[in-house]
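There are 2 protein chains.
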Amino acid sequence: MQMNEMILVSVDDHVVEPPDMFRRHLPPRWRDVAPHVETREDGSDVWVYDGNEIPNIGLNAVAGRPEDEYGMEPTSFDEIRSGCYDIRDRVRDMDANGVIGSMCFPSFPNLCGQLFSRSSDLEAGLAILQAYNDWHVDEWCASAPGRFIPLMLPPIWDPEAMAAEVRRNAAKGCHAVSFSENPSKLKLPSFHDEHWDPFWQACSDEGTIVCLHIGSSSKLVFTAPDAPIDVLITLQPINIVQAAADLLWSPVLRKFPDLKVALSEGGIGWIPYFCDRVDWIYSRHHAWTGQDFGGRLPSEVFLERIVLCFIDDPSGVVNLDRMDIDRVCWESDYPHSDSTWPISPEMLWPAVGDLNDDVVNRVTHRNAMHHFRYDPFAERPREECTVGALRASAADVDVTPRSVGRRLEKKTGSADLLSIPHKGMT
Amino acid sequence: MQMNEMILVSVDDHVVEPPDMFRRHLPPRWRDVAPHVETREDGSDVWVYDGNEIPNIGLNAVAGRPEDEYGMEPTSFDEIRSGCYDIRDRVRDMDANGVIGSMCFPSFPNLCGQLFSRSSDLEAGLAILQAYNDWHVDEWCASAPGRFIPLMLPPIWDPEAMAAEVRRNAAKGCHAVSFSENPSKLKLPSFHDEHWDPFWQACSDEGTIVCLHIGSSSKLVFTAPDAPIDVLITLQPINIVQAAADLLWSPVLRKFPDLKVALSEGGIGWIPYFCDRVDWIYSRHHAWTGQDFGGRLPSEVFLERIVLCFIDDPSGVVNLDRMDIDRVCWESDYPHSDSTWPISPEMLWPAVGDLNDDVVNRVTHRNAMHHFRYDPFAERPREECTVGALRASAADVDVTPRSVGRRLEKKTGSADLLSIPHKGMT
Chain A
213 MQMNEMILVS VDDHVVEPPD MFRRHLPPRW RDVAPHVETR EDGSDVWVYD GNEIPNIGLN
273 AVAGRPEDEY GMEPTSFDEI RSGCYDIRDR VRDMDANGVI GSMCFPSFPN LCGQLFSRSS
333 DLEAGLAILQ AYNDWHVDEW CASAPGRFIP LMLPPIWDPE AMAAEVRRNA AKGCHAVSFS
393 ENPSKLKLPS FHDEHWDPFW QACSDEGTIV CLHIGSSSKL VFTAPDAPID VLITLQPINI
453 VQAAADLLWS PVLRKFPDLK VALSEGGIGW IPYFCDRVDW IYSRHHAWTG QDFGGRLPSE
513 VFLERIVLCF IDDPSGVVNL DRMDIDRVCW ESDYPHSDST WPISPEMLWP AVGDLNDDVV
573 NRVTHRNAMH HFRYDPFAER PREECTVGAL RASAADVDVT PRSVGRRLEK KTGSADLLSI
633 PHKGMT
Chain B
213 MQMNEMILVS VDDHVVEPPD MFRRHLPPRW RDVAPHVETR EDGSDVWVYD GNEIPNIGLN
273 AVAGRPEDEY GMEPTSFDEI RSGCYDIRDR VRDMDANGVI GSMCFPSFPN LCGQLFSRSS
333 DLEAGLAILQ AYNDWHVDEW CASAPGRFIP LMLPPIWDPE AMAAEVRRNA AKGCHAVSFS
393 ENPSKLKLPS FHDEHWDPFW QACSDEGTIV CLHIGSSSKL VFTAPDAPID VLITLQPINI
453 VQAAADLLWS PVLRKFPDLK VALSEGGIGW IPYFCDRVDW IYSRHHAWTG QDFGGRLPSE
513 VFLERIVLCF IDDPSGVVNL DRMDIDRVCW ESDYPHSDST WPISPEMLWP AVGDLNDDVV
573 NRVTHRNAMH HFRYDPFAER PREECTVGAL RASAADVDVT PRSVGRRLEK KTGSADLLSI
633 PHKGMT
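Chain order of the listed sequences is A and B. Just add 212 to the spot in the first sequence (first one is 1) and you have the numbering used here. Just add 212 to the spot in the second sequence (first one is 1) and you have the numbering used here.
Just so you know, not all the hints are guaranteed correct.
[Unchecked claim] In silico DSSO-like pairs for lysine-lysine, Cα to Cα no more than 30 Å straight-line:
1. A/Lys399 - B/Lys431
2. B/Lys467 - B/Lys431
3. B/Lys467 - A/Lys399
4. B/Lys399 - B/Lys431
5. A/Lys397 - B/Lys397
6. A/Lys397 - B/Lys431
7. B/Lys399 - A/Lys399
8. A/Lys467 - A/Lys384
9. A/Lys431 - B/Lys399
10. A/Lys431 - B/Lys397
11. A/Lys397 - B/Lys399
12. B/Lys431 - A/Lys431
These aren't lab readings, by the way, just hints derived from the structure by calculation.
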């Protein structure tokens, strides 16, 4: 296999929602309370909902921006690449990067819809969340058949409503849901509480994979108020190990044996170390902690049930034989600052080029197709889905960085993030 | 090389301080305020200092206890193995485990002496801390020449006093100091503040290695109040990645190029992933964050300056070629629950047995000797320092688990730890 023969499906990208998204999907009764976009005096665009303003942070839409113009400042739609919010340009940006399929996490509602859970009127919140899901499935994804894996948001304030929304979306062909890596940090019950059982049961019944994205606890790990932002950017992905441990030692995986969970943007380089660690703890401590995995090891259960996801992780790829090769998926993370766009194939190939073709195919697309119930080949022949074929069709897409002429005056520190509540920066 | 030919030096063990420790080392003026041991109504022994009671938590002294009697309950001296606090029995327990050298972290003062920093009279606090260090160096370590690497505690409330104490102890041959993995969490300035420069300078001048032990921020990472204790035990070591990132992106390593830092009990399995990550972040973000490592990569600076430490970490050992083989040290962690005592050689050998002898010697003892300025061979011939030789001399030591007839009535959850302030459980 050559680099251009890879078929790339990314199970982690992000949409910056376009201002008109609710127009066709919200019943008239709720139109006055729907989130809408306003332009602030500084020229930045914000979503406004229920008295809250949600800016679009620079690092969340830096695709196509020069690296010395990255930053934490709020942005306007005309400062970000149109592929962030325009579905036609998004598809062309995917083509230019050789990516056939993509699953898009939300931006302004937060990673698992936390914003809607803070609605003063939760009936309105549910209607708006459902409109969001309808827009995502019926408009964003449906505009480009065969190019997107739909991903729904759950009404996290009500497990029965979550279950109903999972079933409603599954009936429409959406089999992935974004949930919180740690609902306890959102002041909701933890994974250890049976509170969530109706939700887990619905996902299990419908074959809907639960995606826990880094940052979806709305809690960043701060080392110190004066720590430079590099510290936070370093720690953000590896903090998913907290969710991994929480979930593994909780009853969830053992109680719902058909449930699938993905650690979105979680990386894979830490997995062998984590597996060694949990098995040692189990052997040493289960006699007094009461944990029981039957005749199995915790690492076996973990690797068998968790879909692992990585963007660019050479030390993880080297250790693929310590994971379940059928449960490792690739990500592009467009348009965030960790994204490898527009050179994803060039970044990925050195890590996987020496593996056998079957392993490359699993990691680049087959595992994603299986676990997320997605089939691009139903829409176009396989040979037209390769990196080379897609890029050939997008030779006219300009991927050179475009300056917007703004540059931070001061260094951004971790403490600057404290003033931007409820936003990840992944 | 065979297993019995290894020479083992552990750079992380723990002493449970004996009740009479201050008798010979504290000026009369302070004897009335010195910490002392009292027995509570439940039969457990506690240290009492300045109105605070500090229990000895079960997991901190489980060596020799059956695994179904592990737990978080307070203990008394007669319930724990005498090697925890008695220097003669400690040496015999080391012999029985084939360990020639050991560096012992404190117990009741917390990992970097936090207890003394909370003294209502800091003049008394300093006198008591100095007495602690004198006991540790002149009594605990000096009782068994050639068997211990001395480790001092710093008066963390005053960087100038820290520098003076570093110099005072260096003159006595102590070249290791325990400091906090994150002083910001102790309500002190962070690594990013020049506040600590006198301390870093003294350590740099004196060739004193700064040991950052997991848990020395006095902050545990809790996922949820109802998370089982297994979650916390899993996450405790990997949280050192926070200190690693904090230190690497701070000015410290670049400002003090001769300073050495050890990540005590930090493990090594996560290192290759961490190195990939920081280099990617540097290449992608330094243009706007302003980080500058000259012509080098952050991972190069990290690996060149940080001494890495592991107890039992098979996936880390497999990736030793991604680290600096001259800066990886082994640990035993006696008598904590992560310890491999009394089968440390049997646990370590399968991981290192296939490496060449030179690498095994570096990891098991040569690196420790170099970075911690310790030389057991000055006291006894090398051939008498091997696992086989030491164990042959300790054939009469009984290492079978000894029941104390107590067993937890209920499961311990993470929340139970919240009631035990300032204690790690590593």
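Hints, verified against the model:
1. A/Lys399 - B/Lys431: holds, 20 Å
2. B/Lys467 - B/Lys431: Distance ~27 Å between B/Lys467 and B/Lys431 Cα, so the pair holds.
3. B/Lys467 - A/Lys399: Outside the cut-off at roughly 42 Å; violated.
4. B/Lys399 - B/Lys431: holds, 11 Å
5. A/Lys397 - B/Lys397: Roughly 19 Å separates the two Cα atoms, so the pair holds.
6. A/Lys397 - B/Lys431: holds, 17 Å
7. B/Lys399 - A/Lys399: Within the cut-off at roughly 26 Å; holds.
8. A/Lys467 - A/Lys384: Since the Cα atoms of A/Lys467 and A/Lys384 sit roughly 27 Å apart, the hinted pair holds (cutoff 30 Å).
9. A/Lys431 - B/Lys399: With a Cα-Cα distance of about 20 Å, the restraint between A/Lys431 and B/Lys399 holds, given a limit of 30 Å.
10. A/Lys431 - B/Lys397: Distance of about 17 Å is within 30 Å: holds.
11. A/Lys397 - B/Lys399: holds, 23 Å
12. B/Lys431 - A/Lys431: holds, 16 Å
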